[in-house]
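J.: Use these hints to put chains B, C, D and E with the ligands onto chain A, whose structure you have.
Residue numbers (the working numbering), protein chains in the order written: chain A, 1 to 224; chain B, 225 to 448; chain C, 449 to 641; chain D, 642 to 834; chain E, 835 to 1088.
Keep in mind that a hint or two might mislead.
Stated by the list, open to error - Keeping only pairs whose Cα atoms sit at most 27 Å apart, straight-line, the calculated DSSO-like set for lysine-lysine is: (1) Lys47/A with Lys1015/E; (2) Lys521/C with Lys714/D; (3) Lys952/E with Lys1015/E; (4) Lys47/A with Lys952/E; (5) Lys47/A with Lys271/B; (6) Lys923/E with Lys855/E.
To be verified - Ranges between beta-carbon positions, derived for each pair: (7) Ala628/C with Thr648/D: 34 to 44 Å; (8) Thr606/C with Ala201/A: 57 to 67 Å; (9) Ser548/C with Pro819/D: 31 to 41 Å; (10) Gln565/C with Glu655/D: 15 to 25 Å; (11) Leu338/B with Thr948/E: 34 to 44 Å; (12) Ala201/A with Asp269/B: 21 to 31 Å; (13) Ala242/B with Glu700/D: 37 to 47 Å; (14) Gln565/C with Glu1081/E: 32 to 42 Å; (15) Thr513/C with Ala242/B: 41 to 51 Å; (16) Ser548/C with Gln50/A: 51 to 61 Å; (17) Met428/B with Pro991/E: 32 to 42 Å; (18) Asp664/D with Met428/B: 47 to 57 Å.
Said to hold, decoys possible - Some but not every residue of chain A turned toward chain E, in silico, with C-beta under 7 Å: (19) Ala39; (20) Leu40; (21) Gly44.
Derived from the structure by calculation, the hints contain no laboratory data.
Please read all numbers here as calculations on a predicted model, not as lab measurements.
We put the CB at the ideal spot given by N, CA and C, even for glycine.
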Amino acid sequence: MALRLFWIQFHRELVSVARSKEEALNPLLFMFLAISLFALATGGDPKTLQTFAPTIIWVLVLLANMLSLEGLFRRDYEDGTLEQLVLLAEPGFVPVLAKIAAQWCFSGLAMTLLAPVAGLILFLPSTILPTLMITLILGTPALSLLGAVGAALTVGLRRGGVLLAILVLPLYVPILIFGVSAIMQQGNGITTDAQIYWLMAITMISITIAPLLVHAALRISVEQ
Amino acid sequence: MALRLFWIQFHRELVSVARSKEEALNPLLFMFLAISLFALATGGDPKTLQTFAPTIIWVLVLLANMLSLEGLFRRDYEDGTLEQLVLLAEPGFVPVLAKIAAQWCFSGLAMTLLAPVAGLILFLPSTILPTLMITLILGTPALSLLGAVGAALTVGLRRGGVLLAILVLPLYVPILIFGVSAIMQQGNGITTDAQIYWLMAITMISITIAPLLVHAALRISVEQ
Amino acid sequence: MSDSLLTTVDLRCERDGRTLFADLQIKLGRGECLVVVGPNGSGKSTLLRCVAGLFPDYEGAVEITRALYLGHKLGINLLLTARENLHWYEGLTGQASLVSEVLERVGMAGYEHVVCQRLSAGQQRRVGLARLLICNASMWLLDEPLTALDEAGQGLVTGLISDHLATGGGVFCATHQPLAVAVTQTLELGGRQ
Amino acid sequence: MSDSLLTTVDLRCERDGRTLFADLQIKLGRGECLVVVGPNGSGKSTLLRCVAGLFPDYEGAVEITRALYLGHKLGINLLLTARENLHWYEGLTGQASLVSEVLERVGMAGYEHVVCQRLSAGQQRRVGLARLLICNASMWLLDEPLTALDEAGQGLVTGLISDHLATGGGVFCATHQPLAVAVTQTLELGGRQ
Amino acid sequence: MTLKTFWHQLGSPRWFYQMSKPWLYVFGCLAFVLLLTGTVWGLGFAPMDGKQGNSFRIIYVHVPTAMVAQSAYILMGVAGLVLLVWRMKLADMVLAAVVPFGMSMTVLALVTGTLWGKPTWIAEGDDTWWVWDARTASMLVLLFLYFGLYALRQAIPRQEAAGRACAVLAIVGMINIPIIKYSVDWWLTLHQTSSISLTQAPTMPAEMWLPLVLNIVGIYCLLGANVLSRLRLEILRREQGTQWVRELALSGNA
Ligand code: HEM
Ligand SMILES: Nc1ncnc2c1ncn2[C@@H]1O[C@H](COP(=O)(O)OP(=O)(O)OP(=O)(O)O)[C@@H](O)[C@H]1O
Ligand SMILES: Nc1ncnc2c1ncn2[C@@H]1O[C@H](COP(=O)(O)OP(=O)(O)OP(=O)(O)O)[C@@H](O)[C@H]1O
Ligand SMILES: [Mg+2]
Ligand SMILES: [Mg+2]
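Same shape as in the complex, but just chain A:
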């Protein structure tokens, strides 16, 4: 039952994103365009780009994710389907989880899969690419989950976007720091286990608490 509910919501999200006009620059495209801009603006100097590549990639992943979260519940809120969801879904956190999962597929997962390309454009040595991908696949689910809490809290509000950023970015900072430092250390030949474990821990915690919090937050937002 709950599984069916998950699946139906998940499918709906995929279809809807595929047809949407509001995917606020779909995260993947955002990342690649921004990376090309960086490369162009630095005059394409491989040395400089290489030192900065991990930072650029991780910061852009964060920003892309946050931008796409902004629209996660907005359309549903405006057309009234969020009301239906809050009133009828049982248990309520299941469709919420499905929505977050779908958002992650289009942002975190997609960006992880294409991160090697991004790395190559920025002249990241290919020995580092696996670490880049591992940190991304472990870190991005937490970005989506934590971000969704912020998105749910701000969906009905004026100035939602601004609030969202202020609420969410502080939560993102540890993930960013662990992610970047793992790649940097790998580049210097130091072991990266600690960072990996930390990223896993953050994601595990998020996955347990975030869906319930998001559901509660959505109720509050609908009841205006």
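T.: Here is chains B, C, D and E with the ligands on its own, set in the frame of chain A:
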């Protein structure tokens, strides 16, 4: 008459943005948050940051501007006021220009005024800050004007956001390049007149053709 | 108590400093239809949202069975087709139904696979109304269900309401247009302004 | 020719492969009111948009004087107050008027400074309707002007239309609800489905 | 025929359809002959370059495609202007016809450029398949401009609206192309003096540059032929309801 039309539309935009919830992370906030993320992720190393500062600032200005352009006509399109504007305003490009001007005040102008702060966060030497501001104030109007053409073309479409980025970013490239290179050259003590003149020229061209093109594009978008 | 679908005790709500309604005692049993009327801005929609559990900013108590709420907002995703929307709704309510039959009953046969954005105003409303045929809640909360509908559509809605009442359901409906069903109670909000 | 406010010749429009109307000859003079009726999805709104110049995908010719178009969409910015919205509209049309008086006439006195988002559905429609009192176009194109209005509101609209007709204006209106004005011509689109 | 009547006739699809038939053959044959001779000569018989060996032969594909890709965009910008100002249907068709051709030429230039660059760049110590230099950058931006036009047309369901929307975009792009080219050239050469030393055309013997010239002229003829044939197809499709097309179809020599 045309002046009054300009003023009324301009005023309306200011009020509306001030009350809006959709300013997709107001550009200024976006820039500062992203800059802090860069500073955090590099571990705050002044040397590295400094070399990269002009690039970071200019790329973020571009992205922030593009994101805020996405919403420039969306609300008007959805609530039907764009129809009224296209049908009734005479001459039609005046309110369009007013809308762009207002958007610029909240993005380009605001970012220019606070650019010194951004520069200081990234350890840019203070002798370079005037050049940074001059390039920004000359270049950002062109960003808003050219971007508005893209925004007007994509407002009614599915996948508007993605399309907007593809349409607009190539047009932004020269502005980015002249902006960054002026700052770099200033840092190396080379004269920057050429870049300044180019930025002025691009802005002048944009200001002459963009409003007319935007008006034509809006008509096309409304007629769906 | 078990026979009452909706009971409110001393319901009272204020918005922007204006008292919309006060001391409202509603008791709706099976097969009963309560219609709320009143001028624009008198608080009909607010009352319905209070009762539906979508507006907690009231005083007093509400007791209600599982209900279906149809508000001013369409409640359908315009990027999906009619079929996809109803399919999602089925999943949400846990009810299985024959979606194509349902769509045919609301007069949308032939438009199942059109993205709702490309439907006319009334057709979009009809897709929203199709939910009445899917959800088996015994209480219906309807906010101006006749909006944008043609004559046939209005007949359809009144037919659905009558059927629902006949099978022991309850209906709580706000409307400006006369409703051609056996209205059990009428509630008037707001004095003439 | 100068006496005709709206003329169409052989107007024909197709959408999604369905012919909505064909060979439409409309001629509307001063003081005349044309009402379009038809089931949902029969093309009333499309026809109005063709005539208003908001939908160019038709065959045939349309000739029209300066017109005011009021569609399904509200045409007001929900982030602004009623006053601010009308003030903008004045600027757009170049007409000066007394905004507070206008708002009073549409029954929105006391709500001038409320952000439109916080108004009820009917109140939002009323703010939209206030435009009829500002723009002095001689042709009105109205798409279901009675939506969401209470009885008083409906009376208001019919009153406005009658006045406009009496002063030599023309009205072209799509509606599902009967309109209590002297209708000169009726156009029926789409067969019963 | 005065200029004015010519202008009017140009606006008439039917006249254009009939007039263009011989031109299509002329361009088509020229393109075929020139490209064939140029390519066979260039790839097979032209003398080998002293420095680069056989890899230099890519120039016979690379340079013509790169040049025509840029010209095609300018052509579209002009067509866009004509469409918006004079509302000439034919201009819309030009606009629609050039996009796929220009896009594929840009891709070809990029691919041959990188293929060519790879050994060169390796020789200079950069073991990559991509370098951010002036030509790659401006070509990439051009590709994005083409891609934007293509995507915009796909995104707008109504044909007529799509045409005008693309016209608006093509105009902006046309004004920007020289600026983009200038800025990128100037900026990236400033930084990257080393890696493009080989792109400066060496003084070549005639057997080397003659095939190149043949290919360049040939590819412009191909552009002409391509646009004309697409235009003619497009005209038939859009005017399929009209009398003259039906007669043409019946007579069987379209
Ligand atoms: C992706 C990589 C490349 C791109 C996008 C590219 C692009 C271009 C373009 C646009 C032109 C035409 C210039 C004009 O209009 O006159 C051109 C010409 C030329 N390219 Fe490339 N190029 C690339 C790589 C290379 C490399 C690696 C070499 C040599 C090793 C090369 C050698 C030449 C030569 C010799 C010409 C003709 C001479 C000239 O007009 O300056 N190109 N290329
Ligand atoms: N945006 C659109 N894109 C494509 N097709 C549309 C669009 N809007 C409406 N249609 C189609 O055009 C037809 C006529 O729609 P229109 O809105 O004109 O009907 P209507 O008579 O106004 O109906 P209603 O009474 O429901 O308002 C419908 O069948 C619909 O499928
Ligand atoms: N979102 C909101 N925020 C604050 N106040 C609101 C909001 N919506 C409505 N109101 C206020 O509450 C009052 C009642 O609104 P409500 O929507 O319940 O009226 P209604 O009876 O449904 O009117 P209508 O017939 O126009 O739909 C109105 O006077 C309005 O000013
Ligand atoms: Mg209401
Ligand atoms: Mg309609």
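J.: Lys47/A and Lys1015/E were given as a pair; does the straight-line alpha-carbon distance stay at or below 27 Å?
T.: Given pair Lys47/A, Lys1015/E holds - Cα atoms ~25 Å apart, limit 27 Å.
J.: Would the hint on Ala39/A stand, with a C-beta cut-off of 7 Å toward chain E?
T.: 5 Å, holds
J.: Does the structure keep Lys47/A and Lys271/B at a Cα separation of 27 Å or less?
T.: Between Lys47/A and Lys271/B the Cα gap is close to 14 Å, so the pair holds against 27 Å.
J.: Between Ser548/C and Pro819/D, is the Cβ distance one that fits in 31 to 41 Å?
T.: 34 Å, holds
J.: Given the hint of 34 to 44 Å, check if Leu338/B and Thr948/E actually sit that far apart at their C-beta atoms.
T.: With Cβ atoms ~41 Å apart, the hint holds.
J.: Quick one, is the Gly44/A hint okay against chain E at 7 Å, beta carbons?
T.: 2 Å, holds
J.: Quick one: are Thr606/C and Ala201/A within 57 to 67 Å, going by C-beta?
T.: Because 59 Å falls inside the window, the suggested range holds.
J.: Go ahead and decide if the range 51 to 61 Å is satisfied by the Cβ distance of Ser548/C to Gln50/A.
T.: 58 Å, holds
J.: Does the Cβ pair Gln565/C, Glu655/D satisfy 15 to 25 Å?
T.: Given about 18 Å between the Cβ atoms, the range holds.
J.: If I claimed the Cβ atoms of Ala201/A and Asp269/B lie 21 to 31 Å apart, would that claim hold in this structure?
T.: This hint holds: roughly 27 Å between Cβ atoms.
J.: Take a look at whether the Cβ-Cβ distance between Met428/B and Pro991/E falls inside 32 to 42 Å.
T.: Distance hint for Met428/B, Pro991/E holds at roughly 36 Å.
J.: Is Lys952/E within 27 Å of Lys1015/E, Cα to Cα?
T.: Given that 27 Å is the threshold and the Cα spacing comes to 23 Å, the pair holds.
Comparing the model with each numbered hint stated earlier shows that all of them hold.
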